[in-house]
Amino acid sequence: MKKALFPGSFDPPTHGHLNIIHRAMEVFDEIHVVIAVNPQKNYAFTAEERFEMIKTLTEDFENVYVHLWDRLIVDFADKIGAKVLLRGVRALADFNYEFELSMMNKGLNSRVETLFMPTDPQYFVLRSSAIRELVRLGGDITSMVPGPIINQVTERFSG
Numbered sequence: 000m001k002k003a004l005f006p007g008s009f010d011p012p013t014h015g016h017l018n019i020i021h022r023a024m025e026v027f028d029e030i031h032v033v034i035a036v037n038p039q040k041n042y043a044f045t046a047e048e049r050f051e052m053i054k055t056l057t058e059d060f061e062n063v064y065v066h067l068w069d070r071l072i073v074d075f076a077d078k079i080g081a082k083v084l085l086r087g088v089r090a091l092a093d094f095n096y097e098f099e100l101s102m103m104n105k106g107l108n109s110r111v112e113t114l115f116m117p118t119d120p121q122y123f124v125l126r127s128s129a130i131r132e133l134v135r136l137g138g139d140i141t142s143m144v145p146g147p148i149i150n151q152v153t154e155r156f157s158g
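One point on numbering: in numbering that gives the first Met the number 0, the residue at position 70 of the sequence shown is 69, and numbering is uninterrupted.
Treat the hints as calculated values from the structure; they're not laboratory data.
Among these hints, one or two may not hold up.
As the list claims (entries may be wrong) - Pair ranges (Cβ atoms, derived):
#1 SER109 x GLU47: 14 to 20 Å
#2 LEU136 x GLY80: 31 to 37 Å
#3 GLU58 x GLY80: 19 to 25 Å
Said to hold, decoys possible - In silico lysine-lysine, BS3-like type, Cα no more than 27 Å apart, as pairs:
#4 LYS82 x LYS54
#5 LYS2 x LYS105
#6 LYS78 x LYS1
None of the values given here were measured: they were computed from a predicted structure.
Where a beta carbon is used, it is the ideal one built from N, C-alpha and C, also for glycine.
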């Protein structure tokens, strides 16, 4: 069985994240979305809120599982027997960061490979930080954030 991990902060989840998940579902038997829990970072949403948002957005996906994790992602890969970390990239800057991270992960666990999946073009500019700013300025995020969580995202940043 081919398992892939799709780790990230998902703060908030976007159509770009779902695009990667949908496409990965066609390639892997199981997709494990792993939501980062890092007390050193300032997230807009709590780990539990991000978990619930992703669970809501993927509840109809038969082969997608959602987890919270607060340690090394390669340790989670070993825990569930996954050999692939899936990383979405939008631009060269994303790739540079993700490449360095993949080298570190490879050094920590040589059994785990990182695969880069470019987002579909219509999601090329989606960044969680830009979505938060757009909401603060009163902009429309319906093309960026999935419908079931738009109100939650809008309420968090519009006040």
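Quick one: which hint numbers does this structure break? Sort them smallest to largest.
-> The structure breaks hints 1 and 2; every other hint is satisfied.
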